Amino acid sequence: MKKQPLSILSVLIATSLLLAACGAANPTEAPIAADLAATETVETEPTEVPTATEEPLSGTISVSGAFALYPMMTVWADEFHKLHPDVEFDVQGGGAGKGMTDTIAGAVDIGMISRTIKEEETAQGIFWVAVTKDAVFPIINVENPVAAQILEKGITQEIFNKIYITGEITTWGEVVGDPTITDEIHVFTRSDASGAAEQWSKFSGGTVQDDLKGVAVNGEPAILGEIIKDPLAIGYGNLNSIFDLSSGNLVPGIVIPPIDIDNNGQADAVEIYKVKEDAFGAVANGTYPSPPARFENLATLGKPEGLELAFIEWILTDGQQYLESAGFVPLTPEQQAESLAKLK
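Our numbering numbers the first residue of the sequence shown as 1 and each following residue consecutively.
These are calculated hints, taken from the structure and not from any lab test.
Careful: at least some of the hints might be erroneous.
Derived pair list, reagent style DSS-like, types lysine-lysine, alpha-carbon separation capped at 25 Å [to be verified]:
1. K153 / K213
2. K118 / K303
3. K303 / K344
4. K202 / K213
5. K153 / K202
Quick caveat, the model's predicted, so the values are computed rather than measured.
All chains should be modelled from the sequences, with the hints used to inform the complete structure.
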């Protein structure tokens, strides 16, 4: 029994040593525990809730107007539909006049207008932006009796004025200065309200479409058809309709009489357009006169919103890449920026 105090003392010493050992281990374990605690804190913090994505575009866009812009609009509609399958399109031609009338009446969402927008139209709420550049070219039949002389000398603006506006020149002999040639000029123009006709009138010395003389036919395909079948015919057409876009050559049966812009009595190389690239380049660099070169516009009743706004903004950005292959001249970066700024 006298050994009991020693045993108790031994237990106390052993316990003290064990506690000391545990205390010695704590300094190395504490940082690990702290790291684990910090890790657990980071993992359990609430993550930021992502913002809701934009609703996919859907609906139907109705468009009508200029024959000149119609082929390009069908391309844009197809490409936009590929990006947004829930967006459908109803695209119709009919001429710039129909496009403007339909837009003002609210019958369509977008009007294709191939001429300058008039003050009385903006007064009725019409908003517009330029989306591409195009041009109107004179055309004659490839079998014209004086085609060779015309292709060598060209036709001056004054002569076009006397054919289309005043009616003073009535024979092909008068065009080339040969009084022995008495073949009558068969003049054709457009009966539908047409941006191309208005531009051709302004170039020829008129002010409005109704100033043009000639047999009026409805639509661009009709006037092109008349020129193809009549060796004595003269008319006009848009760049993208008078060239075969796949080959780049003129539509069979027609030629473009050079416009003698500088009145030097001969057709200079820069005034001759046998293939699409020549005409395209002249419009793009400004050597072809304006008018009849002009901007193609899209019009809406009031500033566009929602689906129509998204479509027009796309046309002015990604949509520009499809213009050249369809026979249209893209806007310059400055012109793009100007149109986009109008939409803001």
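Do the hints match the structure? See the list:
This hinted pair checks out: K153 and K213 have alpha carbons roughly 24 Å apart, not beyond 25 Å. Restraint check for K118 and K303: the C-alpha separation of about 16 Å stays at or below 25 Å, so the hint holds. Our distance criterion of 25 Å between C-alpha atoms is met by K303 and K344, whose separation comes to about 9 Å. Of the supplied pair hints, the one linking K202 and K213 holds, its CA atoms being roughly 13 Å apart against a limit of 25 Å.
Only pairs whose Cα atoms come within 25 Å are accepted, and K153 paired with K202 is accepted, the gap being roughly 23 Å.
Every hint, counting from the list given before, is met by this structure.
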